[in-house]
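Peer 1: Each chain, letter by letter, is given below.
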Amino acid sequence: MEKCIPVDKLARPENHILISLDRLRQARTDQGLAPFNAMPHEEDFLGARLHGICVGELQAMEAAGRTLFDFPDAPWEFQLDMARQVWDESRHAEIYMKLLEYVGSYLGEFSETEVLWSCTQVDDPACRVAGINRGLEGLACDVFEQLIRLAQKMGDPIIERSVDYVLADEITHVRMGSKWMRKLTEGDPERLAKAQMFQDNIDNLFNFQGGRTTQEDARQIDLKVGSKEVAFDASLTIAKDARLLAGFTQEEIDRMV
Amino acid sequence: MPDMGYRDNVMGPQPIGKRKPIPETLMQAVAQILDLLADGKSSELIAMSVDTAKDETAKLSSAVKPGIYSDKRVAATARTNEHYWIKAELTGAEVKPFLFQLRLGPAHDHWVIWQATNLSDSRSAWTR
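Those protein sequence lines, which keep their order, are chains P and L.
Note that the numbering used here gives residue 1 to position 1 of the first sequence, counting from 1, and the numbers run on in steps of one.
Note that the numbering used here gives residue 75 to position 75 of the second sequence, counting from 1, and the numbers run on in steps of one.
Hints are computed from structural coordinates only; laboratory data are not their basis.
Remember, it's a predicted structure, so these values are computed and weren't measured experimentally.
Every residue, glycine too, gets a C-beta built ideally from N, C-alpha and C.
Be aware that a few hints might be false.
From the structure, some residues in chain L lie toward chain P, with a derived Cβ separation under 8 angstroms [what the hints assert, rightly or not]:
id: 1; residue: Y69
id: 2; residue: K72
id: 3; residue: H83
id: 4; residue: K96
id: 5; residue: W114
No more than 27 angstroms apart at the CA atoms, straight line, and that leaves these computed lysine-lysine pairs for DSS-like [to be verified]:
id: 6; chain 1: L; residue 1: K20; chain 2: P; residue 2: K224
id: 7; chain 1: P; residue 1: K153; chain 2: L; residue 2: K20
id: 8; chain 1: L; residue 1: K59; chain 2: L; residue 2: K41
id: 9; chain 1: P; residue 1: K9; chain 2: L; residue 2: K96
id: 10; chain 1: L; residue 1: K54; chain 2: L; residue 2: K72
id: 11; chain 1: L; residue 1: K18; chain 2: P; residue 2: K228
id: 12; chain 1: L; residue 1: K41; chain 2: P; residue 2: K9
id: 13; chain 1: P; residue 1: K228; chain 2: P; residue 2: K98
id: 14; chain 1: P; residue 1: K153; chain 2: L; residue 2: K18
id: 15; chain 1: L; residue 1: K18; chain 2: P; residue 2: K98
id: 16; chain 1: P; residue 1: K98; chain 2: L; residue 2: K20
In silico negatives: residues of chain P with every beta carbon more than 12 angstroms from chain L [stated by the list, open to error]:
id: 17; residue: N37
id: 18; residue: D73
id: 19; residue: S90
id: 20; residue: G104
id: 21; residue: Q121
id: 22; residue: K179
id: 23; residue: F206
id: 24; residue: T214
id: 25; residue: A218
id: 26; residue: R219
id: 27; residue: S235
id: 28; residue: T249
All chains should be built: construct the whole structure from the sequences, respecting the hints.
Peer 2: Have a look at this one:
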């Protein structure tokens with residue numbers, strides 16, 4: 001089996017639409033929308049956000065499985081952590097599929113992009129965990145924390161608790177990434193710098209052109225979710241507490257805003 | 001994911017939102033596009049495209065040999081806001097199926113083509 005497979009080799013059923021991030025951005029700008037994912041002020045926000053997370057969980061599951069396969073000489077404990085992550089991500093995908101149904105959506109309603117998988121395109125396990133576990137799972141902490149706050153405002157314990165269960169796992173995934181980035185690069189500062197640079201590139205890719213704010217600085221807008229209307233953040237916020245719990249330094253967090 | 005059916009007698013949390021149905025007019029437009037493609041009516045197809053998609057649509061149309069496809073089907077749909085991605089296929093006896101993808105957006109009372117991509121020979125669902 002081929003190692004470090006490119007994005008056009010991702011297996012998907014025929015009745016599924018997987019497009020490049022460029023195409024998604026084009027589709028959004030053609031409709032006068034911000035080029036990235038659905039923002040809180042959009043009518044589709046909740047369904048589209050949950051859908052993006054759900055396919056992200058599927059790709060995270062595939063990525064952890066691929067890391068396990070691509071690096072057979074990595075320490076046994078590393079492989080065990082990756083296997084555990086595959087299991088976690090598969091449960092997350094199931095949780096989000098149920099949440100999609102709960103909000104009146106379904107897997108496949110929106111298009112999937114390759115963006116998470118493109119972050120696996122590196123042949124060093126230290127870079128892989130830096131990018132996926134620290135970069136992307138860190139972003140997941142931000143997205144989940146915001147969803148939890150939205151659910152609290154909506155008075156919806158189903159979304160609040162489901163996402164909270166998943167967030168608890170994501171925090172361990174980030175920690176796992178921090179641990180293995182350090183361990184795998186022990187005594188090799190050049191390799192560590194390369195891994196950190198790979199993570200920085202991913203952080204930059206997802207910083208939404210400076211569109212992320214702290215929770216305190218987020219402008220509040222009226223958001224209609226189902227039959228409820230709540231005042232909520234207009235931008236994606238940084239989950240400071242969750243990120244600190246996950247082992248990010250204050251300096252790393254400050255750099256993202 | 002399949003709909004879970006009649007829920008009124010089911011215990012536990014109920015959905016807080018309703019599914020947004022795929023517009024019937026969209027599927028009618030897709031059926032019309034498939035017919036035009038299969039019949040080689042390129043100029044009519046190009047007329048259904050926005051300016052930025054006219055070249056892509058012409059290229060897609062020129063890749064289809066008219067009159068050899070007897071059947072058509074929609075393989076997948078997905079949406080980005082109000083625009084719909086449609087993956088569809090033309091098939092016929094002893095001819096290689098022609099798989100392609102469109103992005104259609106609403107314009108007043110009809111649908112227009114924003115993107116057209118030939119997917120034949122590509123693997124998976126990926127469209128660059």
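Peer 1: Now look at each hint and say whether the structure bears it out.
Peer 2: Going through the hints against the structure:
The closest approach between the C-beta of Y69(L) and any C-beta of chain P is roughly 18 angstroms, which is over the 8 angstroms cut-off, so the hint fails. For K72(L), the suggested interface contact is broken, since its CB lies about 15 angstroms from the closest CB of chain P, more than 8 angstroms. Contact between H83(L) and chain P, as hinted, is supported at the beta carbon level, the nearest pair being about 5 angstroms apart and thus within 8 angstroms. The interface hint given for K96(L) is violated, since its Cβ lies 16 angstroms from the closest Cβ of chain P, which is over the 8 angstroms cut-off.
Interface hint status for W114(L): upheld, as the beta-carbon distance to the closest one in chain P is roughly 6 angstroms, under 8 angstroms. Distance hint between K20(L) and K224(P) is fulfilled; the C-alpha atoms sit about 16 angstroms from each other, no more than 27 angstroms. Proposed proximity of K153(P) and K20(L) is supported: the alpha carbons are some 24 angstroms apart, at most 27 angstroms. Our distance criterion of 27 angstroms between C-alpha atoms is met by K59(L) and K41(L), whose separation comes to about 13 angstroms.
About 21 angstroms separates the Cα atoms of K9(P) and K96(L), which keeps this hinted pair within 27 angstroms; it holds. Proposed proximity of K54(L) and K72(L) is supported: the alpha carbons are some 22 angstroms apart, at most 27 angstroms. Proximity of K18(L) to K228(P) is assessed by CA-CA distance (about 14 angstroms); at most 27 angstroms being required, the pair is judged to hold. Restraint check for K41(L) and K9(P): not satisfied, since their Cα atoms lie roughly 34 angstroms apart, outside the 27 angstroms limit.
A C-alpha spacing of about 20 angstroms is found between K228(P) and K98(P), which places the hinted pair at or below 27 angstroms, so the restraint holds. With a C-alpha separation of about 21 angstroms, the suggested pairing of K153(P) with K18(L) holds against the 27 angstroms cut-off. Simply put, K18(L) and K98(P) have alpha-carbon atoms about 14 angstroms apart, close enough for the 27 angstroms limit, and the pair holds. The straight-line distance between the Cα atoms of K98(P) and K20(L) is roughly 17 angstroms, inside the 27 angstroms bound, and the hint therefore holds.
Residue-level check failed: N37(P) sits 10 angstroms from the nearest beta carbon of chain L, not beyond 12 angstroms. Distance to chain L confirms D73(P) as a non-interface residue, since its nearest Cβ pair spans about 29 angstroms, more than 12 angstroms. Every C-beta of chain L lies more than 12 angstroms from that of S90(P), the closest at about 15 angstroms, which supports listing it as non-interface. In this structure G104(P) is not separated from chain L by more than 12 angstroms, as the shortest Cβ-Cβ distance comes to only about 3 angstroms.
Distance check on Q121(P): its Cβ is at least 14 angstroms (rounded) from any Cβ of chain L, clearing the 12 angstroms threshold; non-interface status holds. Taking the minimum C-beta to C-beta distance to chain L, about 33 angstroms, the non-interface status of K179(P) holds against the 12 angstroms cut. With a cut of 12 angstroms on Cβ distances, F206(P) stays outside the contact zone with chain L, its closest approach being about 18 angstroms. In this structure T214(P) is separated from chain L by more than 12 angstroms, as the shortest Cβ-Cβ distance comes to about 28 angstroms.
Every C-beta of chain L lies more than 12 angstroms from that of A218(P), the closest at about 22 angstroms, which supports listing it as non-interface. Remark: the non-interface label on R219(P) is consistent with the geometry, its nearest Cβ contact in chain L lying 21 angstroms away (cut-off 12 angstroms). With a minimum CB-CB distance of about 18 angstroms to chain L, S235(P) clears the 12 angstroms threshold, and the non-interface call stands. Against the 12 angstroms criterion, T249(P) stays outside the reach of chain L, whose nearest CB is about 36 angstroms from its own CB.
Hint compliance for this structure: hints 1, 2, 4, 12, 17, 20 are broken, all remaining hints hold.
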